[in-house]
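Visitor: Next come the chains, spelled out residue by residue.
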Amino acid sequence: MEEFKKTVVFDANYLARLRGRDPDTEQHFVAHFSTVIWLRLRRRLRSNELISDIRQETFLRVVRFLHSGGELDRPESLGAFVLSVSNNVMLEFIRGDARHPLHDETEPELVDMHLDIESELVTAERKRAVADVLSQLPEKDQQILKMIFLEEADRSDVCRQFHVENEYLRVLLYRAKQKFRAALNGASMKASNLFMFFHF
Amino acid sequence: MDHQQVESSGAIDSYILGHLTPQEMDLLEIHFFECSECSKQLNQTAMFLTNARVVLREQLPEAAEFERKKIVLPVPAGNILQRFLQTIRAGAPAFASLVFLGLYVNEALVVNPALQRELDSPATYQSEGSFPLKGITRGEEDDAIPFSKNKKIITVYFDTGWSSNAESYVCNLRKQTGEQIIAIPVSRPLPGQPMYVGVPTRVLESGAYTLAVMEPGNQNGKALAEYLFQLRQK
Numbered sequence: 001m002e003e004f005k006k007t008v009v010f011d012a013n014y015l016a017r018l019r020g021r022d023p024d025t026e027q028h029f030v031a032h033f034s035t036v037i038w039l040r041l042r043r044r045l046r047s048n049e050l051i052s053d054i055r056q057e058t059f060l061r062v063v064r065f066l067h068s069g070g071e072l073d074r075p076e077s078l079g080a081f082v083l084s085v086s087n088n089v090m091l092e093f094i095r096g097d098a099r100h101p102l103h104d105e106t107e108p109e110l111v112d113m114h115l116d117i118e119s120e121l122v123t124a125e126r127k128r129a130v131a132d133v134l135s136q137l138p139e140k141d142q143q144i145l146k147m148i149f150l151e152e153a154d155r156s157d158v159c160r161q162f163h164v165e166n167e168y169l170r171v172l173l174y175r176a177k178q179k180f181r182a183a184l185n186g187a188s189m190k191a192s193n194l195f196m197f198f199h200f
Numbered sequence: 001m002d003h004q005q006v007e008s009s010g011a012i013d014s015y016i017l018g019h020l021t022p023q024e025m026d027l028l029e030i031h032f033f034e035c036s037e038c039s040k041q042l043n044q045t046a047m048f049l050t051n052a053r054v055v056l057r058e059q060l061p062e063a064a065e066f067e068r069k070k071i072v073l074p075v076p077a078g079n080i081l082q083r084f085l086q087t088i089r090a091g092a093p094a095f096a097s098l099v100f101l102g103l104y105v106n107e108a109l110v111v112n113p114a115l116q117r118e119l120d121s122p123a124t125y126q127s128e129g130s131f132p133l134k135g136i137t138r139g140e141e142d143d144a145i146p147f148s149k150n151k152k153i154i155t156v157y158f159d160t161g162w163s164s165n166a167e168s169y170v171c172n173l174r175k176q177t178g179e180q181i182i183a184i185p186v187s188r189p190l191p192g193q194p195m196y197v198g199v200p201t202r203v204l205e206s207g208a209y210t211l212a213v214m215e216p217g218n219q220n221g222k223a224l225a226e227y228l229f230q231l232r233q234k
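Chains A and B supply the protein sequences, listed in that same order.
When we follow the working numbering, the leftmost residue of the first sequence carries the number 1, and every step to the right adds one.
When we follow the working numbering, the leftmost residue of the second sequence carries the number 1, and every step to the right adds one.
Keep in mind the hints are simulated off the structure, nothing from the lab.
Everything numeric in this text was worked out from a predicted model, so none of it was measured.
Don't take every hint at face value.
Stated by the list, open to error - As a list, the in silico SDA-like pairs of lysine to any residue whose alpha-carbon atoms are at most 25 Å apart:
1. 140/A with 19/B
2. 177/A with 179/B
3. 234/B with 93/A
4. 152/B with 122/A
5. 127/A with 110/B
6. 177/A with 232/B
7. 234/B with 47/A
8. 222/B with 172/B
9. 149/B with 161/A
10. 127/A with 53/B
11. 177/A with 45/A
12. 140/A with 152/A
13. 134/B with 110/B
14. 177/A with 151/B
15. 146/A with 105/B
16. 175/B with 132/B
17. 152/B with 188/B
18. 151/B with 45/A
19. 234/B with 140/A
20. 127/A with 93/A
21. 151/B with 94/A
22. 151/B with 210/B
23. 140/A with 154/A
24. 152/B with 48/A
25. 234/B with 152/A
26. 175/B with 105/B
27. 179/A with 228/B
28. 146/A with 108/B
29. 146/A with 151/B
30. 149/B with 228/B
31. 179/A with 132/B
32. 149/B with 196/B
33. 127/A with 37/B
34. 140/A with 14/B
35. 179/A with 5/B
36. 152/B with 191/B
37. 222/B with 179/B
38. 134/B with 10/B
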């Protein structure tokens with residue numbers, strides 16, 4: 001996969017607003033990085049609690065850096081800066097854990113990662129919206145999505161089984177997501193927790 | 001490649017579904033950090049897929065019912081033995097599938113009451129820790145007791161200053177609003193020992209609670225002792 005170009009949104013004004021504790025900018029900042037940090041850490045760490053702590057610490061350090069007058073040579077590199085802070089925090093936390101390797105035998109089982117990301121993203125309203133979208137689809141499309149989402153089947157297998165092209169799956173997913181977004185937007189754009197996902 | 005190319009190639013979906021190589025995922029993640037549009041798309045996709053998984057998973061029992069109805073096959077013509085063998089041959093794969101599906105659904109969705117009781121027992125789970133409670137003095141509550149849902153039980157303990165000699169007691173846990181949360185049976189502690197009460201964290205959330213110790217046959221009467229405390233979920 002070739003190197004991706006960036007769509008730059010971070011500039012000196014953005015950093016100035018972040019330094020000035022502008023609530024909208026702070027909300028955008030958290031929304032922008034929250035999921036991607038989570039997903040990135042989830043590939044590397046198994047402990048749910050550790051992932052939350054690292055993400056929180058990352059936000060704290062970046063904001064503290066800016067509030068204390070710290071400057072970035074290139075404001076548009078804020079994303080790269082957050083990524084490097086996140087990496088550093090992760091390594092620190094892992095080292096910290098490694099210094100105390102003795103585990104209590106009474107430690108509970110590791111938490112199911114799926115459940116935790118669900119607790120962040122799943123709400124009754126969103127479930128209703130998804131259920132509406134799915135119910136409007138033809139039976140065949142519902143089966144396809146079920147195989148992809150629930151059984152996590154390989155796309156090429158799904159294509160073979162349902163005699164469809166890969167492009168069909170892409171369009172199906174795209175349309176389902178669009179309908180989901182439209183349903184949610186129509187239902188309650190006022191909900192504050194949606195702001196972070198859809199406002200920007 | 002810009003974010004539109006990322007989106008049109010389905011890379012975000014593939015990323016969420018785990019269909020990319022680690023190297024491709026690394027590259028995309030770096031891009032997500034820097035590209036606001038793709039980060040937004042990632043959020044939306046994660047939200048849609050996660051909710052879709054939950055919705056589809058909740059529909060599983062209906063699917064099981066559908067499968068069950070589907071395997072009722074018409075009996076073919078012929079002599080009885082032939083029909084019987086044909087029925088077995090035709091229905092065996094579907095029956096095996098149904099058995100496995102049933103086992104899967106049972107494992108995933110059915111709560112075994114006996115097992116649940118055992119799991120809820122303080123003896124089964126390790127505790128968050130033990131925290132002392134004092135007699136009720138409104139307005140002078142101690143600092144909130146921290147607890148985590150990762151631990152199944154939080155244990156509180158207190159001295160028994162009352163004069164009852166009952167063999168066991170019932171500890172009613174109520175929210176400050178008076179809403180009853182759970183009733184926990186507790187044995188009489190040894191002389192000179194405090195009473196320990198294990199509370200399942202699954203019924204708890206941050207807030208103020210009252211633990212009222214009652215005699216078993218007198219659960220609606222006056223409490224032997226009441227303890228007001230605050231909980232804070234970590």
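Visitor: Any hints this thing doesn't respect? Which numbers, in order?
Guide: As far as the earlier hints go, 2, 6, 9, 11, 13, 14, 19, 20, 25, 26, 27, 29, 31, 36 and 38 are violated by this structure, in ascending order.
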